[in-house]
Each structure stands twice: as structure tokens, then as C-alpha cells.
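I would like the entire structure built from these sequences, with the hints used as guidance.
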Amino acid sequence: MQQFLRRHPAVQAWLLLSPGGLFLSVFFIAPLFIVLIYSFLQRGTYGGVVWQFTFENFRRVFDPLYFNTFLRSAYIAILTTFFCLLLGYPLAYFIASRSPRTRSLMLLALMIPFWTNFLIRTYAWLTLLRTNTGLINTALLSLGVIAAPLPLFGNDFAIIVGLVYGWLPVMVLPIYAALDRLDPSLIEAARDLYASSAQVFRRVIWPLSLPGVVAGSMLVFIPALGSFVTPAILGGGKSLMIGNIISNQFLAAHDWPFGSALSMLMMTLMLLGTLYYFRSTLKAEADA
Amino acid sequence: MSTTPSDRTLGMGARLRSRLGSLSLSVYGVLGFLFLYLPIVILVIFSFNDSRSTSQWAGFTTDWYRQMIEDRQIILSLWNSLFVAIISTAIATVLGTLAAMAMERYSFRGKMAMDAVLYLPIIIPDIAMAIMLLIFFNVSGIGFQPWEVQFFGNRLAVPYSVIIGHVAFNISFVAVVVRARLANMDRTLEEAAQDLYANTWQTFRRVTLPMLMPGILGGALLAFTLSLDDFVITFFTSGAGFNTLPVRVFGMIRRGVTPKINAVSTLMLAGSFLLILISIISRMRSGEDEDAIQFGL
Amino acid sequence: MSEECAVELRDVVKAFGPFVAVNHVSLQIRDGEFFSLLGPSGCGKTTSLRMIAGFEMPTSGHIYIGGAQQGYLPPNKRPVNTVFQQYALFPHMTVAQNVAFGLEMSHANKGEIGRRVHEALEMVHLGGLGTRKPKQLSGGQQQRVALARALVNRPKVLLLDEPLGALDLKLRKAMQIELKNLQEQVGITFIYVTHDQEEALTMSDRIAVMDKGQVLQVAEPEALYEQPTHRFTADFIGETNFIPARVAALSPTILVELAGGIRLPAGWVEPGIAVGDRVMLSVRPEKINLYEAHELEELTATTCRVRGVVERLVYVGTDTHHTVRLESGDRVVARLQNLHVDEEPWEMGEATTVQWEAAHGRVFKEA
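Residue numbers (this note's numbering), protein chains in the order written: chain W, 1 to 288; chain A, 1001 to 1297; chain V, 2001 to 2367.
Bear in mind the hints are in silico, worked out from the structure with no lab data behind them. Please note that a few of the clues may not be correct.
Think about it this way: if two alpha-carbon atoms lie no more than 25 angstroms apart in a straight line, the pair counts; the simulated DMTMM-like pairs of lysine to aspartate or glutamate are [unchecked claim]:
#1 W:283 - A:1104
#2 V:2135 - V:2104
#3 V:2135 - A:1186
#4 W:238 - W:63
#5 A:1111 - V:2056
#6 V:2135 - A:1191
Below, the structure written as C-alpha cells:
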């Protein structure tokens, strides 16, 4: 037996893999395929499905009613990524420019909120942003800065604030890592070759930190596009994203095939994005 | 090997500071951290507010905490959360560790496909995974049967589907963490053990496992945290009437904002801080460099 | 196979996919011998060692240890121990636990383990450091722990994979001598992998020179240096001059012709070379002498003599390297020892005559 295993390491590998692999095959891959199949079936009258093949669900996805939500979700995710980058890059730069000791403490401080419950962090913003009883409007009104409450809640603004807050740390981390890897003698070399501070940043630091920027953007964009909790809480039932439309198909509308089609489309878009990212980083690594 | 990076990064730090480091950057950094922490701090402050308002301070009270503790539903959902987290972490840690060893130590046909299977649960949004599992438990006939169990004096009824769902996303996270540790581990140590007459099991038990332990603990801690924090997958795989703490909080938020939610939130924050503290201490114990703290993943 | 063979490789091949790391290697390593596998990185020496240890399985061919064919025996079933390149000390165990590991695995009793661990640590002068962790030791001390951990098991053969590579030069030299003494003391066969030719020459009883997966020559250090049988060996071990030439005659004496029609006798010619072939004449720099015209004695049939001009002098302490441009247009380096301070040195541009004994000239195939 031992001899056999020794001669066939692949068998050893599959023995190690089989418990987890089997589990994921049954409880992840099989569900994935069922969703795929469901997305081509018709809805039953009282929930459930009718086993009849159709493209109808995918046609409906492009119905302006739903497709606009897709576009809005993408728009919100892009803005979230943009603001995360805007806030995150200087923050990463700030952390990278500290002494090693402060730096690791700051990184810890950066990640602590990220490891607390997402729901709680979203709720925190609910208490701040709510239109009439939110802390920000209450404070501004009592200080006389504004005469009427600002529309801070139940719109895209609230969702974007919640998402930026939730995902800022994962934007900062890869950018920090890229800045930290940067060889300081490159900056000296640029200075030596007559570059000003601004030129050093534009010609040396920024291009070399770009892989971190791209990685951070991916890490923010993908979960932002698929968000469900943030729009559910901060969207106030008025501003929805694709994740909420999907969940409605299961919780309210009982249209499972359509919900399946929507989520298949969402997953496909994300996978394409991820694959594109991996391919471009692999290529960049091969070039380097 | 370990001396150069810190020298180099020290240089980097000084360089960035001297070239572009200005007052504005520091101001910016402070504002950045304020942005991260202020909402949490305000949340905690208003959990002690002697009023139903979460925006106007009316004096200090701990009444909301008393109400929280007396709320049988909340306490029960806390036990549910802990039970699901412990069971799913235990299973996911074993399965994920084995898978990580296979993926890191062997090359075999179908490895690429297996890689994809392991990474997918991390990449796809939890709402997609949640509805996949929802449909699956319905179609397969597994349904949402509860596991009736006595847990620290509480009668819990935890649907198997919830535990399965949590294991499904946690296997991948454990595997990623353990794999990273394995990749950094010197393989000749295992060869040395074999060379010194240790058989496969002895090599694993005496060398691989002790060396791997920080990674396995890290993976388990991550799985435990993710499981405790999960709302979406639990929400969709629990059938009716089962609540973990986040699911209950979500329900409470839907019904209206009260400082009681702030109190529950504060409790959950304290739990997270405790887990982070454990993680830091165990990493320091295992003698890893301080930089390791930064990586949640 | 003969009785006194500690390890024998018979036509061993190891391929990693399309890459052949070890190409039909056969070796016989004698009992009690200090045997080195010497070659540049990627020559297959480490792979050969790993196959003996059992970490890699030969693609074809057989390996015998103490006369027994090893087949698919795993490393833990083989009567050999390895000292790894980076030592591979278990970081989570103390020094004593590291040394005891092999004995525990082979189920020695507690008392004996304690005694032998103590002995082994004494042997490598590390008594009293048993409770330390490997990280708390210096590189040289870690090296000794690795040695003790292997030797404590009293293996038939000790395999050493560039064990001194991580040490600095001074320590390396000291450890070379210590290793050699240790080997003589315990009488165990050592198989030593190194890319450092000086290290191999210093310590080994015999050396196998490897290149591109093949064993080119197996010989004692002196023979390897003085009588290399491959152009690669001549080049890799020590320094040598290669002068392009053409074979003019093979018998009764070997004669090669340099550019400009200069004919020189040589001591040895690589098998398979025919008259008229383009070849390389190899002469070691220390075998070459420089003379002024009036100093020259009568030319004998066993002396090579070519006129030239001193082009460059490099003083390196013990000797001075004289680069001479020969009449034929070729350049040779002569290493002359700096024996006397008052000796009148050569000057650049000075006319000279280089001379060496024909026996020191070895003729190799051009490529």
C-alpha cells in the first residue's frame, strides 16, 4: 500500500483532496450547476419551476426595468472604487512613509474595522445618515448650518458612503504593499537625474504602485457590484442594486428561474473581470 | 534574510517622508483614520444613551444592555451564532488544511480545475452563493432540517443547511491561509525527517504539523470570524425561524433604530476585538515578524 | 559488484519531464571513502545525491547501498543520512531534540538515546548547547548540529549536500579540515557534493567530475588536476591555457602545429583524435617558465619552446601572472612564483621565450 502510494503521488494528492473536494462538489459545484439549469427554465405558478427550456429569463434581464438596475449597480460600484482610490492612495502613502514600528501599528488600525461585522458598520452609518433623526442632519440643524435636512439617506449617496467605508481597507492594503516594495534607490536615482518631487511621483512612484492600485480596485469593485446588505439598509428600500433584485426573486416574487438568470449574469461578469485581472497581472509579471 | 527588508523599508519610509511627506499628508492620514473609527465610536457612545434617540445625547445609562441581556431571542441567537461558528470552523479547518496540502505539495491532473473550485467561493458575491445554496437545499430534498442540540444549557435547533453553507465558504479561506504558510515552509525539513527514519505519518506529526500550526490556527480564526459575521448566507439557508446574531440584528434594524441595536452591536464589536487580539497574540507567540499582523488574509 | 562497495550507481537516469538531470551515470564508491561529486550548478550532482538518499526515484537504472538494491525504498528505510545544504534543522525543537530525532524514529531506548546524543554533541564540540534552539546558534554551530544529527545514527553512508556553502571563507576552511578529521575518526563513507573545486581537492579521496548530467572523470585529486581526460575537467579544475592547434603527428610522438607553423610535442592526446584535427593544447600556467634568450639551454625533444612578448603583468602576492603573446599570435599566462625580492622582474613589451615540458601539454578535442 505504502509502496503503491509512493509510486503514485497523484493518488496521495487526491486522497488529501477528496474530503474537501467532495464537500465542495456537492455543496458548491452542484448548486452552481442547478442555478445554471434553473436560469433556462420557466417559473411555476406558485413558486418552483416548470421543466421547459427557455431563453426568456435572459431576455428579461435586458428589459430596461432590470437592465437599468444592472447599470446603476455598475455605476455605484465604479464610483465606490473611485472614491476608495481617492481616499485610499494617500492613506496608503501616509502609512508607507512612517517608521516600521508605527507602520505595523497603523496597518493593524486599518484592518481592525475591516474585521468587525459588516452589518454593524453599515448600521453605524444608518444612525449617522438618516434623514430626520440621523446624527449629521440633527447636528447641522441644531447648529443652524442648514434649514432643512439634507438628503443623505435612501439614495445612491448613502449606499456609496456605506460601501466606501466598508471596503476602504482592502483598497489601502495592496497599494501600501506596492509602495513598500518600491526600492528607495529608484527614487534617489530619479532625483539624481534631475526629477522634481512631483516628477518623481508621476514618473516613478505612481507607475510602480499601479499593480497595487489595480489589485485594490478589483478587491473593491467586485464585492461592491454584488452588494446586498448596504443597499438593503442604506438604500432605504428606494435605491436598489442588483443583489437586492436577485434576493427579491426568491423572497418576494418567487421567480427562481429569473433570479438564477440574474445571478448567473452577475457571476459571469465578475469572473470575466477577475480572469482579465489575473491574466494581465500574470503577463505583467512575465514581462518583469 | 530577515535583516535586509527592515533596513530597506526603513529607508523607504524616510525617503517618502522627506520627499513628499508634508503636513498635509499627516493631516490626511489622521482624517483617514478618523473616518474609519468615528462611526464605530459614535455607535458605541449611543448604546449608553438614556433615550430612544441615536442622535441626541440624553445622559448615560446601561439600561439598553440590561434589555439586551433580558431579551431571550437575542441571547438564543448569540448561542446559535457560536454553535454554527464552532462546528463549521472545525469541519472547514480539517477539510481546508488537507486540501491545502494536496494543492501545495503535489502536481496532478485536474489541479487547475481544483484551484478554480477552491477560489470560486472567495470570489463570487455572497448573495450569489446564498441563492445557489437556497435552491440546492430545496431541490435536493435536504431542506432545512434542524439539528436539535443541547449547547451550554440552551436547547438549539440549528439547520444543517446553515452549517453546510458556512463550511462551504470557509473551506476555501482556510485552504488559502494554510497554503500560504505551506508555501513558505522549507520542504527540506520534511526530507530531513524522512532521512532520519521518520515514516510518512511521523514526518507529518512531528515536523509538518507543528510547523504548519500557526497557519492552521490562523485559518481557523479567520473561518470563525467569517462565520460569526456572516449574514447573507445564513439568512438564505436557514429556512424559517432560525436566527444567528447578525440575522437577528438585521431584523431589528428593519423594524427601527434603537439604542438596543447599538448595545448588541457593541457586544459584537467587542467579540471581534477579542478575536483580533487572540490572533495578534498567537502570531507573536509563533515568532513571526510584526509585519505579519497586517495581513488579515 | 565488489564487496568493498559502499554505494553503487548502475546506469542511472533521472529525467524531469523533457529535462535529463542525470544521464546514464555509473559510479562505484568504496567503503570508508571520502568521495566528492564535483561540478557546476545544474550538472546533476545534487540530483544524484538525492537519489541515493531516496528523495528522488531514478527514471531508470539501479542504486545499491551496501550491496542491497534500493528500488523504491523510501528515505526512512535507507541506511544513509544527509547533511542538508541549509542544514534543515527543525526550528521547533532544541538542539538535543534535533539530534535525538533519528534515534527516536528507529526506536532506540531512552537511556541509549541520551547517551548517544551527548556523545554526538561532544564529538562536534557542542556539549552544553543541547537545550538551545537552532535559531540561537551561529552558522558554524548549526552546521555542527546538522552533522551530529546525521552521524548519531551511525549510517553506512553520510551524504553531504554543499554543507559548507553558507559559511564564510575562514570558517569554511576550518570546517573542511574538521570534516576530513571527523570522517577519518568515524570511518564512515562520505559522499560530498560541491561546486567548489578547491574544497573537493582538499578533502576527497576520490572525485567524480560531473557536467550536464554525466560523469566525465573519476580520479584522485592529484590525477584529476595533473591528468584531466576532458577539456571540461581541465578547464573547471584549476586554471589552464588553451592554445588552438592542429594535430601534425600522433606517433612516434604527439606533435601539434600552432598558427605560423610552430610545431610542439605534447604528452597526452584525447582518444578519438586523428592527424589533421583541430584541437586545443592545454598547459597549466604554473608549468610554464619564461627565459631570456641567453639563458636558454639546448632544446631537447621533450621541451616546448615558443618566442613571445610580455604583454601584461598581474601581481597577486604569491606569484605574478605574466601574459605572453606568442609568435603564433596566441596568448598564454605563466604563473611565476615570487621567490626572491631582488629578482629582476619582467617588463611589459620585453621579448621572451616561454618553455614547458612536453609531458604537461595535453591535447583535447576542440569542442
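- Message: Flag every earlier hint the structure violates by its number, smallest first.
- Response: none
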